[in-house]
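Student: Here's the letter readout for the chains.
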Amino acid sequence: MKKEMALITENFLRYGPPDTAGYLEIGGFTGLEKALAGSPEELVRTIEASGLRGRGGAAYPTGKKMRQSAAYEGDTKYLICNADEGEPGTFKDRELLEKDPLGVLEGMVIAAHGVGATQGILYLREEYSHLLGLLEDSLAAMRQDGYLGRGILGGPLDFDITVFVGAGAYICGEGTSLIESIEGKPGRPRNKPPYTKAQGLFMKPTLVSNVETFSGITAIVRHGAEVFTGYGTPMSPGTKLISLCGNVNRPGTYEVPFGTTLEEIVMGIGEGVAGGRALKFVQIGGISGPLLPKEFLKMPLSYEAFEKEGLSIGSGAVLVVDETTDILDFLDAVAAFFKHESCGKCTPCREGNRQIMNILKRMREGVALPSDPENIQRIANTMKYASFCGLGKTAPTALLSAVRYCPEEIFTRRGL
Amino acid sequence: MDELMRREVLKIIESQGKAREALIPVLKAVQRVNPKQYIPQEVSQLVASTMGISESEVYEVVSFYAEFSEKPRARNVIRICDSTVCRVTHHRKTAELLEAALGIRVGEATEDGVFCLEYSPCFGACDVAPAIRINDRVYGNLDGEKLEEILQSYRR
Numbered sequence: 216m217k218k219e220m221a222l223i224t225e226n227f228l229r230y231g232p233p234d235t236a237g238y239l240e241i242g243g244f245t246g247l248e249k250a251l252a253g254s255p256e257e258l259v260r261t262i263e264a265s266g267l268r269g270r271g272g273a274a275y276p277t278g279k280k281m282r283q284s285a286a287y288e289g290d291t292k293y294l295i296c297n298a299d300e301g302e303p304g305t306f307k308d309r310e311l312l313e314k315d316p317l318g319v320l321e322g323m324v325i326a327a328h329g330v331g332a333t334q335g336i337l338y339l340r341e342e343y344s345h346l347l348g349l350l351e352d353s354l355a356a357m358r359q360d361g362y363l364g365r366g367i368l369g370g371p372l373d374f375d376i377t378v379f380v381g382a383g384a385y386i387c388g389e390g391t392s393l394i395e396s397i398e399g400k401p402g403r404p405r406n407k408p409p410y411t412k413a414q415g416l417f418m419k420p421t422l423v424s425n426v427e428t429f430s431g432i433t434a435i436v437r438h439g440a441e442v443f444t445g446y447g448t449p450m451s452p453g454t455k456l457i458s459l460c461g462n463v464n465r466p467g468t469y470e471v472p473f474g475t476t477l478e479e480i481v482m483g484i485g486e487g488v489a490g491g492r493a494l495k496f497v498q499i500g501g502i503s504g505p506l507l508p509k510e511f512l513k514m515p516l517s518y519e520a521f522e523k524e525g526l527s528i529g530s531g532a533v534l535v536v537d538e539t540t541d542i543l544d545f546l547d548a549v550a551a552f553f554k555h556e557s558c559g560k561c562t563p564c565r566e567g568n569r570q571i572m573n574i575l576k577r578m579r580e581g582v583a584l585p586s587d588p589e590n591i592q593r594i595a596n597t598m599k600y601a602s603f604c605g606l607g608k609t610a611p612t613a614l615l616s617a618v619r620y621c622p623e624e625i626f627t628r629r630g631l
Numbered sequence: 003m004d005e006l007m008r009r010e011v012l013k014i015i016e017s018q019g020k021a022r023e024a025l026i027p028v029l030k031a032v033q034r035v036n037p038k039q040y041i042p043q044e045v046s047q048l049v050a051s052t053m054g055i056s057e058s059e060v061y062e063v064v065s066f067y068a069e070f071s072e073k074p075r076a077r078n079v080i081r082i083c084d085s086t087v088c089r090v091t092h093h094r095k096t097a098e099l100l101e102a103a104l105g106i107r108v109g110e111a112t113e114d115g116v117f118c119l120e121y122s123p124c125f126g127a128c129d130v131a132p133a134i135r136i137n138d139r140v141y142g143n144l145d146g147e148k149l150e151e152i153l154q155s156y157r158r
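Line by line, the protein sequences give chains A and B. Each residue of the first sequence is one higher than the last, beginning at 216 in the working numbering. Each residue of the second sequence is one higher than the last, beginning at 3 in the working numbering.
Chain B with its partners taken away, still in its complex shape (with noise of 0.2 Å):
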């Protein structure tokens, strides 16, 4: 972790206090301003130390919530839906298309570090399934002329 990324996870703590509570929106913090989307361990024990809470109990909660990730992600983390409503009306076929456009398999990253792609479970956005979640924007019936359009908004 360099110098900058240090001073901006005290700063956040000190934003958000060290109470318990603050726990979950200090990480969120942190892993937002992480250009990767992801809390690296040295980041999960500073916050840690600097809470007063152990290590272990952090890195529990971490790995519990779906949202924080221990790996590397990319600058914008796109999330195709594969549960039960979006997997009956074809998932597999935007998630075809997403690959093709972005020349990355589900589960990698494109090498510029702009777009990952997962899997996620359900985020409600059955009434427009198959859909697709890039950071916290939803978005759905997707066909590959819109899909580039938005991949296009992103990458500026």
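So here's chain A without its partners, still in its complex pose (with noise of 0.2 Å):
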């Protein structure tokens, strides 16, 4: 029953970084090599065939970013790589940076090639600073090694990178507000457009993408994208990293097929919840994802299957949570969270999450109105269309999917 799966993370353990000669021995940067004896054309070419979507939550198509970023002209152009990994329940970037720090650097030189970047930038949300000094001695191994820096590989490439450690805002993980922050602003999201592919960094074209995004790209052109394309499903191929944690016996950071079913991580991979306790619900993507029941443990891991549902699978989280969890209690946790990181831009998410703790409270402490059910379903869902940001819109994606599909455990039974 057991699918994990070593492609994106094929270099776990199997050398110890910084060090490039190790990274050498099991073909680090036959990547970078193949894709600088071609074009920058041939690159996002391979990039689209390979169907592989931004993995930080948003699912856009990389290939397609690539190309638009790649038309856009100009001597400064920033490739940003965004470790600001602050979505609750997430933690697979963390470990693809601890573990494979070579990996991921070499797909940000990889896609410079394709998009005509000039200036790299990993931003390692604050949390993660303690891998700072494993990144640094990354980036000086590989400018030590040519494979960074003036004429790359002897070629014409001129690419460098640095990190900017953020300063602890789950905002800034949207990539204009990233953006702001690296300007030394608060990070507050930006109008849109421009775009930031256009007028991003220092109002210079800019590609932020995430860290599994890279190392995916790395895994694609080492290999071909007919060997990504060889897993998963039609419409989701590849693989994709899950963070498994909360009740469940064996978390951790696994990789998986797309098209393997949420009973197969839980039950499988996991080894079930623990303690033998019963299941509640599964919260997929983060905090910012839909809680599911148990009857939907059968759904694969597709944007497909996610789709039709309506849903998303944002950052890949598969978080367990057992029967002994109050579910106004999980949403509370919730709320309180965007509360506190709401950067208040914009009423519906300021206010929103305000409101809906109150009646949550209300609710928890069995005096609500009997106008509490409709109105915090109206507050959710203003939420969801009226907000600035992504923060916003999906701040209530936990409470609309448990009054969706939980009204018995929230409304009912406490007499709603």
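In short, the hints are calculated from the structure, not lab data. Hints should not be assumed to be uniformly reliable.
Straight line, CA to CA, 35 Å or less: simulated DSBU-like cross-link-like pairs of lysine-lysine [said to hold, decoys possible]:
hint, chain 1, residue 1, chain 2, residue 2
1, A, K314, B, K38
2, A, K419, A, K400
3, B, K13, A, K576
4, B, K30, A, K560
5, A, K560, B, K73
6, B, K148, A, K554
7, A, K407, B, K38
8, A, K400, B, K13
9, B, K30, A, K509
10, B, K73, A, K400
11, B, K148, A, K560
12, A, K314, A, K554
13, A, K279, B, K13
14, A, K407, B, K20
15, B, K95, A, K513
16, A, K419, B, K20
17, B, K38, A, K400
18, A, K554, B, K38
19, B, K73, A, K608
20, A, K523, B, K20
21, A, K314, B, K95
22, A, K608, B, K95
23, B, K95, A, K554
24, A, K419, B, K13
25, B, K20, A, K576
26, A, K400, B, K30
27, B, K13, A, K218
28, A, K608, A, K218
29, A, K608, B, K148
30, B, K148, A, K400
Hints are included, so try docking the two chains, each in its own frame, into the full complex.
Tutor: As structure tokens, this is what we get:
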């Protein structure tokens, strides 16, 4: 029943970062060599053919993004690796940075060739600052060996990478907020357009992609798009890293082919619910994702299966929650998180989380008003449709999914 | 602010530069040299005037990011994650162990100024939940004995 794979994670524990010699021995930098031997256009076509989609949660096709980015001219073009992995329940990017930093950085150099980027920045979340030394050492080793700097591998590509450490703000995982943060400002999202591809960091063309996306690029170019598309489903090719956590026997980061069912993940790879207790629900994609009761365990992890339900797989977090947790307590923790992390720019998000917490409090204390069930849904929907950025739009996802799938537990049982 | 701290702050700005994008790295460094791990208002003012940024803009950044504190803390900041994953894996038990070991409640600092205790949003250690963070090191799957050992290593 186990379906663990090693494609994006193939280098894990096979070399000791930042050792470039050890990395070379296991096939490291062959993707970069292959990419540099061909044109940027060929590289973009390979990524398009792989069907790779952004792994930060938005799932935008990476090849399409690279093609759009490549079209912008300019003497300065930034390429940013988004390592602001702030989605609670998600830690797969931390694993990639820790166990295969050279694979991530190689992917950045390959992508720089594809889009014509001149300068790379890895935006590391403050909470991962213990990885700064390892990343700096990895960059120094790559510079030393000619994989970064002027004339990479003797060719015309000039590209270097620096690390910028954030200061603790969930919203900075959003691309334009992340850019504001690098510029030394509070991380509040920008109006779009202009899109970052045209005017991003310091108003220069900028490509922002997630850590796992860059690792994916390295694996795809090294092995060929057809190896990647050999896994997964026709609509969701390849593999996905999942962060399995919560009340499960074997929490951790695992790579699975798309199409693996939630049951295979939770009961197979995760070896079931801890303490032999009953499963109450799983939350997919982190704190901004939906709560799915156990009837959904047969559902495959794929873009199309989730889209059909109006859901998203987000960052690939799978949080297992057992029967001992009250859904209302859980939803309160979700709302408290978003109340803390809301930047305050737009009213639906700033006030919505506050009002949801007020209503949840009444419901938990058994003093809910008859109008509360309707009001909480109206507020949640207002946030979903009228918030300025993805933070506010997805903050009520857990609540709305609970209303949809578990009305008995949150309303009926409480006489509402 | 004493003269020593003043010189320390100026030295940090000199090494980081005065460009706007140096503000966050500067604030990180000035907080780190403060024995109580915070940025007093007078330090913000000195950063603003030296870097040529308005006081309100510096304050906006200090108050926006979770890493920065405007209130005195302690030499070692202990953060207990209270996001969803650590809650369903019973973070309160870890909080109680810490409160008992240090003789303080969450939100307080020990009298000797060695530790303070606060709740924090998720820091990505859900695989070892419930997790805590002391400064920039992460610890998880804790029991009383392990915790005492860890705390002892920071007391020296």
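Student: Decide, hint by hint, whether the structure agrees.
Tutor: Comparing the hints with the structure gives:
1. For the suggested pair K314(A) and K38(B), the alpha carbons sit about 34 Å apart, so the restraint of at most 35 Å is met.
2. Between the alpha carbons of K419(A) and K400(A) the distance comes to roughly 17 Å, so the proposed pair stays at or under 35 Å and holds.
3. Only pairs whose Cα atoms come within 35 Å are accepted, and K13(B) paired with K576(A) is rejected, the gap being roughly 49 Å.
4. About 25 Å separates the Cα atoms of K30(B) and K560(A), which keeps this hinted pair within 35 Å; it holds.
5. A distance of roughly 25 Å separates the Cα atoms of K560(A) and K73(B); the hinted pair therefore holds under the 35 Å criterion.
6. Using a Cα cut-off of 35 Å, the hinted pair K148(B) and K554(A) holds, with the two alpha carbons roughly 33 Å apart.
7. At most 35 Å may separate the alpha-carbon atoms for a hinted pair to count; K407(A) and K38(B) exceed this at roughly 41 Å.
8. As the CA atoms of K400(A) and K13(B) are separated by approximately 22 Å, the hinted pair is consistent with the 35 Å bound.
9. For the given pair, K30(B) sits about 45 Å from K509(A) by alpha-carbon distance, which is inconsistent with the 35 Å threshold.
10. With a C-alpha separation of about 21 Å, the suggested pairing of K73(B) with K400(A) holds against the 35 Å cut-off.
11. Between K148(B) and K560(A), the direct Cα distance comes to roughly 43 Å. Violation of the 35 Å bound is thereby established for this hinted pair.
12. Distance hint between K314(A) and K554(A) is fulfilled; the C-alpha atoms sit about 33 Å from each other, no more than 35 Å.
13. Proposed proximity of K279(A) and K13(B) is contradicted: the alpha carbons are some 46 Å apart, above 35 Å.
14. Restraint check for K407(A) and K20(B): satisfied, since their Cα atoms lie roughly 29 Å apart, inside the 35 Å limit.
15. Distance restraint check for K95(B) and K513(A): the Cα-Cα separation of roughly 34 Å lies within the 35 Å cut-off, and the hinted pair is therefore satisfied.
16. As the CA atoms of K419(A) and K20(B) are separated by approximately 21 Å, the hinted pair is consistent with the 35 Å bound.
17. In summary, the hint linking K38(B) to K400(A) is supported, as the alpha carbons are separated by about 24 Å, within the 35 Å threshold.
18. For the hint linking K554(A) to K38(B), the alpha-carbon distance of about 27 Å falls within 35 Å, and the restraint holds.
19. A threshold of 35 Å between alpha carbons decides the hint, and for K73(B) with K608(A) the separation of about 32 Å falls inside it, so the pair holds.
20. Using a Cα cut-off of 35 Å, the hinted pair K523(A) and K20(B) is violated, with the two alpha carbons roughly 51 Å apart.
21. Distance check on the hinted pair: K314(A) and K95(B) sit about 31 Å apart at the alpha-carbon level, within 35 Å; holds.
22. Of the pairs offered as hints, the one joining K608(A) and K95(B) holds, with about 33 Å between alpha carbons and a cut-off of 35 Å not exceeded.
23. For the hint linking K95(B) to K554(A), the alpha-carbon distance of about 24 Å falls within 35 Å, and the restraint holds.
24. Of the supplied pair hints, the one linking K419(A) and K13(B) holds, its CA atoms being roughly 31 Å apart against a limit of 35 Å.
25. Restraint check for K20(B) and K576(A): the C-alpha separation of about 47 Å exceeds 35 Å, so the hint is violated.
26. Of the supplied pair hints, the one linking K400(A) and K30(B) holds, its CA atoms being roughly 14 Å apart against a limit of 35 Å.
27. A distance of roughly 54 Å separates the Cα atoms of K13(B) and K218(A); the hinted pair therefore is violated under the 35 Å criterion.
28. As the CA atoms of K608(A) and K218(A) are separated by approximately 33 Å, the hinted pair is consistent with the 35 Å bound.
29. Restraint check for K608(A) and K148(B): not satisfied, since their Cα atoms lie roughly 41 Å apart, outside the 35 Å limit.
30. In summary, the hint linking K148(B) to K400(A) is not supported, as the alpha carbons are separated by about 40 Å, beyond the 35 Å threshold.
Comparing the model with each numbered hint stated earlier shows that hints 3, 7, 9, 11, 13, 20, 25, 27, 29 and 30 do not hold.
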